[in-house]
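2 protein chains.
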Amino acid sequence: MNCLEKRILKNGIVKNANVLKVDSFLNHQIDIKLLQEMALEWQYRFKDIEINKILTIESSGIAISAIVASVFNVPLVYAKKEKSQTIEDDFYKASVFSFTHNVENNIIVKRDYLSEDDNILIIDDFLANGCALEGLIEICNQANANIKGIGIAIEKGFQDGGRKIRNIGYRLESLAIIEKMSDKEIIFRK
Amino acid sequence: MNCLEKRILKNGIVKNANVLKVDSFLNHQIDIKLLQEMALEWQYRFKDIEINKILTIESSGIAISAIVASVFNVPLVYAKKEKSQTIEDDFYKASVFSFTHNVENNIIVKRDYLSEDDNILIIDDFLANGCALEGLIEICNQANANIKGIGIAIEKGFQDGGRKIRNIGYRLESLAIIEKMSDKEIIFRK
Chain H
1 MNCLEKRILK NGIVKNANVL KVDSFLNHQI DIKLLQEMAL EWQYRFKDIE
51 INKILTIESS GIAISAIVAS VFNVPLVYAK KEKSQTIEDD FYKASVFSFT
101 HNVENNIIVK RDYLSEDDNI LIIDDFLANG CALEGLIEIC NQANANIKGI
151 GIAIEKGFQD GGRKIRNIGY RLESLAIIEK MSDKEIIFRK
Chain W
1 MNCLEKRILK NGIVKNANVL KVDSFLNHQI DIKLLQEMAL EWQYRFKDIE
51 INKILTIESS GIAISAIVAS VFNVPLVYAK KEKSQTIEDD FYKASVFSFT
101 HNVENNIIVK RDYLSEDDNI LIIDDFLANG CALEGLIEIC NQANANIKGI
151 GIAIEKGFQD GGRKIRNIGY RLESLAIIEK MSDKEIIFRK
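Each protein sequence line maps, in turn, to chains H and W.
Just so we're aligned, residue 1 is where the first sequence starts under the working numbering, counting upward by one.
Just so we're aligned, residue 1 is where the second sequence starts under the working numbering, counting upward by one.
No lab work stands behind these hints, which were simulated from the structure alone.
Quick caveat, the model's predicted, so the values are computed rather than measured.
Hints may contain errors.
Claimed, not checked - According to the in silico footprint, chain W covers these stretches of chain H (three or more CB under 8 Å from chain W):
no., segment
1, 20 to 29
2, 52 to 62
3, 72 to 80
4, 106 to 116
Heads up, the beta-carbon is just placed ideally off N, CA and C, and yes, glycines get one too.
For reference, chain H alone in the conformation it holds in the complex (with noise of 0.2 Å):
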């Protein structure tokens, strides 16, 4: 069991069947020493890729993802959300619907931070239904970067996100998987 999954079975709490809370380590207050040993972990799974730039999305992504820059020594670029429709012609965008505030947000990302000759690992907190991570591969897709992997700190296993990315062929990484929860009980995936 690594660091991620100790804390969130000492600190995580079950809200109902499909809310983890974590906001007392990860995404309000932050551990950041945890975070660092995040990073390391990353780092020594994605070992064998060579990558020039972080990729998240605003705002529960950035803390994260600085610390993984910090350690992967590389620029970050994270997404803003923009409830306009008017968006100017120097932004990629995509379309990424939140079932956590039942709303349509466009994602953005300045042309000029991304391009082909860019190998992207993209890094965020929650991986469930996969909208967010979606619309940031779209983007990246849009600007024919190269997305060498993709790391998340915890992945619903029981909602369909994670299977969809697997199965496209990108390589992901999750720290924890949860495999089911309960206000009982955690299992993460083996």
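The hints should help you fit chain W onto chain H, whose structure is shown.
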């Protein structure tokens, strides 16, 4: 001239009398090495104070603060923006007017993550009129947390936020203070 001032001269874009775009290195694409140098500069300037937590506000403060928290070896808490007027009792709350988006937002921090035992360093990317910073200070005051220092990346010295905050007595360390700017030149305060 420090690393941030040099970088602003090299890559900052003055859009009009009030708007400086730094999204190629500070708040959309992020140069992590620059952030590490900035964090070390704050560590030097605040070497006489003891802190146990960094506080910032989403989204553009998070990446800088994560690197600062990493250098200071303390946890990070970021205030969330919340448009909903119905906020649960377990949050500190302050109202912040955004001149950029011409909208009033609530910013919130869960009560569990700030208390009178906390010695806080507030970090943010920009200081102009000081509204966001006053919101963070208000939240610290609600929690009876001790604000030991405030670190700002870029202060617009021609707006009155910095003067107000220093007049209250806070120790404010801005890495680049812009005295005046135009599309021809950017002048920093000595």
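(request) Please flag the earlier hints that this structure goes against, numbers listed from lowest up. (result) none
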